[in-house]
Amino acid sequence: MKILLEILKQSGVSGDESITSDFLLQYIDQRKNNWNVLPIIYSGEDFHDCILLKFGKPRTAVFAHMDTIGFMVRYGNQLISVGGPEIIPGTNLEGSDSMGEVKCKLVGTEHDISHDFPRGIDPGTRLSFSQNIRIDDEFIQAAYLDNRLGLYSALKLCETISDGWVVFSTYEEHGGGSMPFLLKFIQETSPIKQALIADITWITEGVQFHNGVVISIRDKYIPRKKFIDKIIKLAKESGIPFQLEVEEYGGSDGREVQFSPYAIDWCFIGAAEDNVHTPDEKVSLVDLEAMLNIYPYLMDRL
0 MKILLEILKQ
10 SGVSGDESIT
20 SDFLLQYIDQ
30 RKNNWNVLPI
40 IYSGEDFHDC
50 ILLKFGKPRT
60 AVFAHMDTIG
70 FMVRYGNQLI
80 SVGGPEIIPG
90 TNLEGSDSMG
100 EVKCKLVGTE
110 HDISHDFPRG
120 IDPGTRLSFS
130 QNIRIDDEFI
140 QAAYLDNRLG
150 LYSALKLCET
160 ISDGWVVFST
170 YEEHGGGSMP
180 FLLKFIQETS
190 PIKQALIADI
200 TWITEGVQFH
210 NGVVISIRDK
220 YIPRKKFIDK
230 IIKLAKESGI
240 PFQLEVEEYG
250 GSDGREVQFS
260 PYAIDWCFIG
270 AAEDNVHTPD
280 EKVSLVDLEA
290 MLNIYPYLMD
300 RL
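Numbering (numbering that gives the first Met the number 0), first residue to last: 0 to 301.
Be careful, since some hints might not be right.
[To be verified] Heads up, simulated DSSO-like pairs for lysine-lysine below, C-alpha to C-alpha not over 27 Å straight-line:
hint	residue 1	residue 2
1	Lys183	Lys31
2	Lys1	Lys155
3	Lys235	Lys183
4	Lys56	Lys1
5	Lys192	Lys229
6	Lys183	Lys155
7	Lys232	Lys192
8	Lys224	Lys235
9	Lys56	Lys281
10	Lys31	Lys155
11	Lys31	Lys53
12	Lys235	Lys155
13	Lys192	Lys235
14	Lys104	Lys8
15	Lys219	Lys232
16	Lys31	Lys1
17	Lys104	Lys281
18	Lys102	Lys224
Think of the hints as simulated: they come from the structure by calculation, not from any bench.
Given the sequences, and given the hints that come with them, work out the whole structure.
Below, the structure is given as C-alpha coordinates:
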(Lines of atoms letter the chains of each structure in order from A and count residues from 1; the text may use other names and numbers.)
(Lines give C-alpha, C1' and ligand atoms only; values in the text may rest on other atoms or scores of the structure.)
Protein backbone atom coordinates (compact mmCIF):
# COMPACT_ATOMS: atom_id res chain seq x y z
CA MET A 1 0.00 0.00 0.00
CA LYS A 2 3.04 2.25 -0.30
CA ILE A 3 1.60 4.12 -3.27
CA LEU A 4 -1.67 4.72 -1.41
CA LEU A 5 0.21 6.23 1.50
CA GLU A 6 1.98 8.57 -0.91
CA ILE A 7 -1.29 9.56 -2.60
CA LEU A 8 -2.79 10.39 0.79
CA LYS A 9 0.00 12.90 1.42
CA GLN A 10 -0.76 14.94 -1.72
CA SER A 11 -2.85 18.10 -1.39
CA GLY A 12 -5.57 18.73 -3.95
CA VAL A 13 -8.45 20.91 -2.80
CA SER A 14 -10.92 21.50 -5.66
CA GLY A 15 -9.52 23.95 -8.18
CA ASP A 16 -5.94 23.34 -7.03
CA GLU A 17 -5.28 19.77 -8.19
CA SER A 18 -1.91 20.38 -9.89
CA ILE A 19 0.20 18.82 -7.12
CA THR A 20 -1.83 15.61 -7.20
CA SER A 21 -1.87 15.62 -11.00
CA ASP A 22 1.92 16.00 -11.20
CA PHE A 23 2.36 13.16 -8.70
CA LEU A 24 0.10 10.86 -10.72
CA LEU A 25 1.86 11.71 -13.99
CA GLN A 26 5.24 10.95 -12.44
CA TYR A 27 3.96 7.62 -11.10
CA ILE A 28 2.42 6.72 -14.47
CA ASP A 29 5.63 7.57 -16.33
CA GLN A 30 7.68 5.40 -13.95
CA ARG A 31 5.36 2.37 -14.11
CA LYS A 32 3.69 2.37 -17.53
CA ASN A 33 6.29 0.17 -19.25
CA ASN A 34 5.55 -2.62 -16.77
CA TRP A 35 1.79 -2.57 -17.40
CA ASN A 36 0.00 -5.14 -19.56
CA VAL A 37 -0.73 -2.50 -22.22
CA LEU A 38 1.19 0.74 -22.78
CA PRO A 39 -1.39 3.56 -22.67
CA ILE A 40 -1.63 6.72 -24.70
CA ILE A 41 -1.46 9.58 -22.18
CA TYR A 42 -3.40 12.81 -22.58
CA SER A 43 -2.57 15.62 -20.15
CA GLY A 44 -1.29 19.18 -20.06
CA GLU A 45 -2.88 22.60 -20.40
CA ASP A 46 -5.46 21.43 -22.94
CA PHE A 47 -6.86 19.22 -20.18
CA HIS A 48 -6.13 21.55 -17.24
CA ASP A 49 -4.96 19.14 -14.50
CA CYS A 50 -6.95 16.14 -15.71
CA ILE A 51 -5.28 12.98 -17.00
CA LEU A 52 -6.69 10.51 -19.52
CA LEU A 53 -5.11 7.12 -20.25
CA LYS A 54 -6.27 5.22 -23.32
CA PHE A 55 -5.61 1.48 -23.29
CA GLY A 56 -6.19 -0.59 -26.44
CA LYS A 57 -9.68 -0.23 -27.92
CA PRO A 58 -11.91 1.17 -25.17
CA ARG A 59 -15.50 0.08 -24.58
CA THR A 60 -15.72 1.44 -21.04
CA ALA A 61 -14.16 4.30 -19.05
CA VAL A 62 -13.31 4.45 -15.35
CA PHE A 63 -13.44 7.90 -13.77
CA ALA A 64 -11.75 8.80 -10.47
CA HIS A 65 -11.75 12.38 -9.22
CA MET A 66 -8.48 13.68 -7.78
CA ASP A 67 -9.76 16.70 -5.87
CA THR A 68 -10.68 16.91 -2.19
CA ILE A 69 -12.84 19.05 0.03
CA GLY A 70 -11.19 21.76 2.12
CA PHE A 71 -11.30 25.46 2.87
CA MET A 72 -10.40 28.74 1.20
CA VAL A 73 -9.15 31.79 3.04
CA ARG A 74 -11.36 34.83 2.56
CA TYR A 75 -10.33 38.05 4.33
CA GLY A 76 -8.70 38.49 7.70
CA ASN A 77 -9.02 35.15 9.42
CA GLN A 78 -12.25 34.10 7.66
CA LEU A 79 -12.62 30.72 5.94
CA ILE A 80 -15.08 29.48 3.32
CA SER A 81 -15.81 25.80 2.75
CA VAL A 82 -14.77 24.13 -0.49
CA GLY A 83 -17.09 21.19 -1.09
CA GLY A 84 -18.79 19.99 2.06
CA PRO A 85 -16.27 19.51 4.88
CA GLU A 86 -17.55 18.82 8.37
CA ILE A 87 -16.97 21.87 10.57
CA ILE A 88 -15.24 20.55 13.71
CA PRO A 89 -13.65 23.25 15.90
CA GLY A 90 -10.02 22.49 16.69
CA THR A 91 -9.42 20.54 13.47
CA ASN A 92 -5.82 20.90 12.23
CA LEU A 93 -5.50 22.58 8.82
CA GLU A 94 -2.49 23.18 6.60
CA GLY A 95 -1.44 24.82 3.36
CA SER A 96 0.92 27.52 2.13
CA ASP A 97 0.80 31.05 0.78
CA SER A 98 3.29 33.62 -0.53
CA MET A 99 4.90 33.94 2.89
CA GLY A 100 5.37 30.25 3.55
CA GLU A 101 3.88 27.24 5.28
CA VAL A 102 0.59 27.52 7.14
CA LYS A 103 -0.46 25.26 10.00
CA CYS A 104 -3.48 26.31 12.04
CA LYS A 105 -6.73 25.20 13.65
CA LEU A 106 -10.30 25.64 12.55
CA VAL A 107 -12.35 27.96 14.76
CA GLY A 108 -16.07 28.74 14.88
CA THR A 109 -19.29 27.16 13.68
CA GLU A 110 -20.75 26.10 10.34
CA HIS A 111 -21.98 29.62 9.53
CA ASP A 112 -18.94 31.51 10.84
CA ILE A 113 -15.65 29.66 10.37
CA SER A 114 -12.16 31.06 10.75
CA HIS A 115 -8.57 30.05 11.52
CA ASP A 116 -6.24 30.85 14.40
CA PHE A 117 -3.01 31.42 12.42
CA PRO A 118 -1.06 34.28 14.05
CA ARG A 119 -0.78 36.30 10.84
CA GLY A 120 -3.08 36.99 7.93
CA ILE A 121 -3.11 34.38 5.19
CA ASP A 122 -3.26 35.39 1.53
CA PRO A 123 -6.89 35.49 0.33
CA GLY A 124 -7.66 32.53 -1.89
CA THR A 125 -5.23 30.19 -0.13
CA ARG A 126 -6.53 26.62 0.05
CA LEU A 127 -6.30 24.82 3.37
CA SER A 128 -6.80 21.08 3.79
CA PHE A 129 -7.08 18.71 6.73
CA SER A 130 -3.73 17.73 8.23
CA GLN A 131 -3.08 14.11 7.40
CA ASN A 132 -2.96 11.36 10.03
CA ILE A 133 -2.96 7.87 8.50
CA ARG A 134 -3.88 4.93 10.73
CA ILE A 135 -3.99 1.30 9.58
CA ASP A 136 -4.74 -1.79 11.66
CA ASP A 137 -5.89 -5.31 10.85
CA GLU A 138 -9.41 -4.21 9.89
CA PHE A 139 -9.46 -0.55 8.85
CA ILE A 140 -7.65 2.31 7.23
CA GLN A 141 -8.43 5.73 8.70
CA ALA A 142 -7.21 9.06 7.34
CA ALA A 143 -8.27 12.31 5.76
CA TYR A 144 -9.33 12.19 2.12
CA LEU A 145 -9.94 8.49 1.64
CA ASP A 146 -12.61 10.10 -0.56
CA ASN A 147 -11.28 9.95 -3.18
CA ARG A 148 -7.68 8.86 -2.71
CA LEU A 149 -8.94 5.27 -2.60
CA GLY A 150 -10.58 5.84 -5.98
CA LEU A 151 -7.27 7.07 -7.39
CA TYR A 152 -5.50 4.06 -5.90
CA SER A 153 -8.03 1.64 -7.41
CA ALA A 154 -7.70 3.29 -10.82
CA LEU A 155 -3.90 3.12 -10.72
CA LYS A 156 -4.00 -0.56 -9.74
CA LEU A 157 -6.40 -1.20 -12.63
CA CYS A 158 -3.82 0.27 -15.02
CA GLU A 159 -1.48 -2.65 -14.32
CA THR A 160 -3.72 -5.24 -16.00
CA ILE A 161 -6.28 -3.47 -18.19
CA SER A 162 -6.25 -4.32 -21.90
CA ASP A 163 -8.96 -2.06 -23.31
CA GLY A 164 -10.50 1.02 -21.74
CA TRP A 165 -10.09 4.58 -20.59
CA VAL A 166 -8.81 5.40 -17.10
CA VAL A 167 -9.54 9.05 -16.37
CA PHE A 168 -8.53 11.27 -13.45
CA SER A 169 -10.93 14.20 -13.20
CA THR A 170 -11.05 17.46 -11.23
CA TYR A 171 -13.57 19.74 -9.45
CA GLU A 172 -15.93 16.90 -8.44
CA GLU A 173 -16.24 17.91 -4.79
CA HIS A 174 -17.34 21.46 -5.60
CA GLY A 175 -19.94 21.22 -8.34
CA GLY A 176 -18.00 19.39 -11.05
CA GLY A 177 -16.94 21.01 -14.30
CA SER A 178 -14.22 18.92 -15.93
CA MET A 179 -16.41 16.01 -17.04
CA PRO A 180 -18.10 17.76 -19.99
CA PHE A 181 -14.84 18.43 -21.84
CA LEU A 182 -13.42 15.04 -20.83
CA LEU A 183 -16.46 13.22 -22.19
CA LYS A 184 -16.39 15.27 -25.40
CA PHE A 185 -12.73 14.41 -25.94
CA ILE A 186 -13.32 10.71 -25.25
CA GLN A 187 -16.28 10.52 -27.61
CA GLU A 188 -14.35 12.28 -30.36
CA THR A 189 -11.18 10.21 -29.85
CA SER A 190 -12.29 6.66 -28.99
CA PRO A 191 -15.95 6.60 -27.95
CA ILE A 192 -17.49 4.51 -25.18
CA LYS A 193 -20.96 3.35 -24.17
CA GLN A 194 -20.25 2.62 -20.49
CA ALA A 195 -18.67 4.36 -17.51
CA LEU A 196 -17.71 3.22 -14.01
CA ILE A 197 -17.23 5.77 -11.24
CA ALA A 198 -14.42 4.85 -8.82
CA ASP A 199 -15.36 6.84 -5.75
CA ILE A 200 -16.19 6.40 -2.06
CA THR A 201 -19.70 6.27 -0.58
CA TRP A 202 -21.18 6.21 2.93
CA ILE A 203 -21.82 3.75 5.69
CA THR A 204 -25.60 3.72 6.32
CA GLU A 205 -28.20 1.44 7.88
CA GLY A 206 -28.10 -0.61 4.67
CA VAL A 207 -24.37 -0.43 3.90
CA GLN A 208 -22.00 -1.80 6.53
CA PHE A 209 -18.28 -2.43 7.01
CA HIS A 210 -16.77 -5.74 5.85
CA ASN A 211 -19.66 -6.63 3.50
CA GLY A 212 -17.77 -5.82 0.31
CA VAL A 213 -17.59 -3.10 -2.31
CA VAL A 214 -20.73 -1.02 -2.86
CA ILE A 215 -22.58 -1.06 -6.17
CA SER A 216 -24.90 1.94 -6.16
CA ILE A 217 -28.34 1.41 -7.64
CA ARG A 218 -29.03 5.13 -7.15
CA ASP A 219 -27.98 8.20 -5.20
CA LYS A 220 -29.67 11.53 -6.00
CA TYR A 221 -29.46 10.41 -9.62
CA ILE A 222 -30.74 7.20 -11.16
CA PRO A 223 -28.64 5.30 -13.72
CA ARG A 224 -30.29 2.96 -16.23
CA LYS A 225 -31.55 -0.25 -14.59
CA LYS A 226 -30.55 -2.43 -17.56
CA PHE A 227 -26.90 -1.50 -17.05
CA ILE A 228 -27.02 -1.81 -13.25
CA ASP A 229 -28.54 -5.28 -13.61
CA LYS A 230 -25.65 -6.26 -15.89
CA ILE A 231 -23.11 -5.03 -13.34
CA ILE A 232 -24.82 -6.92 -10.51
CA LYS A 233 -24.96 -10.13 -12.57
CA LEU A 234 -21.22 -9.92 -13.27
CA ALA A 235 -20.48 -9.13 -9.63
CA LYS A 236 -22.37 -12.24 -8.54
CA GLU A 237 -20.45 -14.37 -11.02
CA SER A 238 -17.13 -12.95 -9.80
CA GLY A 239 -17.43 -14.19 -6.23
CA ILE A 240 -16.11 -10.81 -5.06
CA PRO A 241 -18.08 -9.61 -2.00
CA PHE A 242 -20.38 -6.69 -2.74
CA GLN A 243 -23.39 -4.88 -1.30
CA LEU A 244 -26.07 -2.74 -2.90
CA GLU A 245 -26.82 0.89 -2.13
CA VAL A 246 -30.08 2.78 -2.60
CA GLU A 247 -29.92 6.40 -1.43
CA GLU A 248 -31.91 9.57 -1.93
CA TYR A 249 -28.99 11.99 -1.77
CA GLY A 250 -25.37 12.27 -2.86
CA GLY A 251 -23.72 12.47 -6.23
CA SER A 252 -20.53 11.87 -8.18
CA ASP A 253 -19.03 12.26 -11.63
CA GLY A 254 -21.85 9.93 -12.67
CA ARG A 255 -24.17 12.93 -12.54
CA GLU A 256 -22.29 14.63 -15.35
CA VAL A 257 -22.22 11.44 -17.42
CA GLN A 258 -26.01 11.27 -17.11
CA PHE A 259 -26.44 14.98 -17.90
CA SER A 260 -24.11 14.84 -20.90
CA PRO A 261 -25.39 14.77 -24.52
CA TYR A 262 -23.97 11.25 -24.91
CA ALA A 263 -25.81 7.94 -24.43
CA ILE A 264 -23.38 6.49 -21.89
CA ASP A 265 -24.50 4.11 -19.16
CA TRP A 266 -22.86 4.60 -15.76
CA CYS A 267 -22.52 2.97 -12.37
CA PHE A 268 -20.90 4.12 -9.11
CA ILE A 269 -18.77 1.36 -7.54
CA GLY A 270 -16.64 1.92 -4.44
CA ALA A 271 -15.97 1.18 -0.80
CA ALA A 272 -18.07 2.80 1.94
CA GLU A 273 -16.64 5.04 4.64
CA ASP A 274 -17.67 6.35 8.02
CA ASN A 275 -16.86 9.85 9.35
CA VAL A 276 -17.50 11.30 5.90
CA HIS A 277 -15.68 14.54 4.96
CA THR A 278 -13.72 14.67 8.22
CA PRO A 279 -10.01 14.12 8.98
CA ASP A 280 -10.98 10.66 10.28
CA GLU A 281 -12.61 8.94 7.32
CA LYS A 282 -12.69 5.18 7.94
CA VAL A 283 -12.82 2.29 5.44
CA SER A 284 -12.74 -1.47 5.90
CA LEU A 285 -9.69 -3.16 4.36
CA VAL A 286 -11.97 -6.03 3.28
CA ASP A 287 -14.15 -3.57 1.36
CA LEU A 288 -11.11 -1.85 -0.16
CA GLU A 289 -9.74 -5.19 -1.36
CA ALA A 290 -13.10 -5.97 -2.98
CA MET A 291 -13.01 -2.58 -4.71
CA LEU A 292 -9.51 -3.26 -6.04
CA ASN A 293 -10.58 -6.68 -7.33
CA ILE A 294 -13.89 -5.83 -8.97
CA TYR A 295 -12.62 -3.20 -11.39
CA PRO A 296 -10.29 -5.50 -13.39
CA TYR A 297 -12.99 -8.20 -13.41
CA LEU A 298 -15.64 -5.86 -14.78
CA MET A 299 -13.41 -4.12 -17.30
CA ASP A 300 -12.51 -7.47 -18.89
CA ARG A 301 -16.19 -8.36 -19.34
CA LEU A 302 -18.06 -5.14 -20.12
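Going through the hints against the structure:
1. Lys183 x Lys31: Judged against 27 Å, a Cα distance of about 25 Å means the pair holds.
2. Lys1 x Lys155: Holds, because 12 Å separates the two Cα atoms, which is no more than 27 Å.
3. Lys235 x Lys183: Between lysine 235 and lysine 183 the Cα gap is close to 33 Å, so the pair fails against 27 Å, i.e. violated.
4. Lys56 x Lys1: 31 Å, violated
5. Lys192 x Lys229: 14 Å, holds
6. Lys183 x Lys155: Distance of about 25 Å is within 27 Å: holds.
7. Lys232 x Lys192: 18 Å, holds
8. Lys224 x Lys235: Holds, at about 16 Å.
9. Lys56 x Lys281: 36 Å, violated
10. Lys31 x Lys155: 11 Å, holds
11. Lys31 x Lys53: 12 Å, holds
12. Lys235 x Lys155: 22 Å, holds
13. Lys192 x Lys235: Holds, at roughly 22 Å.
14. Lys104 x Lys8: Distance ~19 Å between lysine 104 and lysine 8 Cα, so the pair holds.
15. Lys219 x Lys232: Cα-Cα ~23 Å, so holds.
16. Lys31 x Lys1: Measuring from Cα to Cα gives roughly 17 Å; hence the hint holds.
17. Lys104 x Lys281: 22 Å, holds
18. Lys102 x Lys224: With Cα atoms ~47 Å apart, lysine 102 and lysine 224 exceed 27 Å; violated.
In summary, the structure is inconsistent with hints 3, 4, 9 and 18 from the numbered list given earlier, while agreeing with the others.
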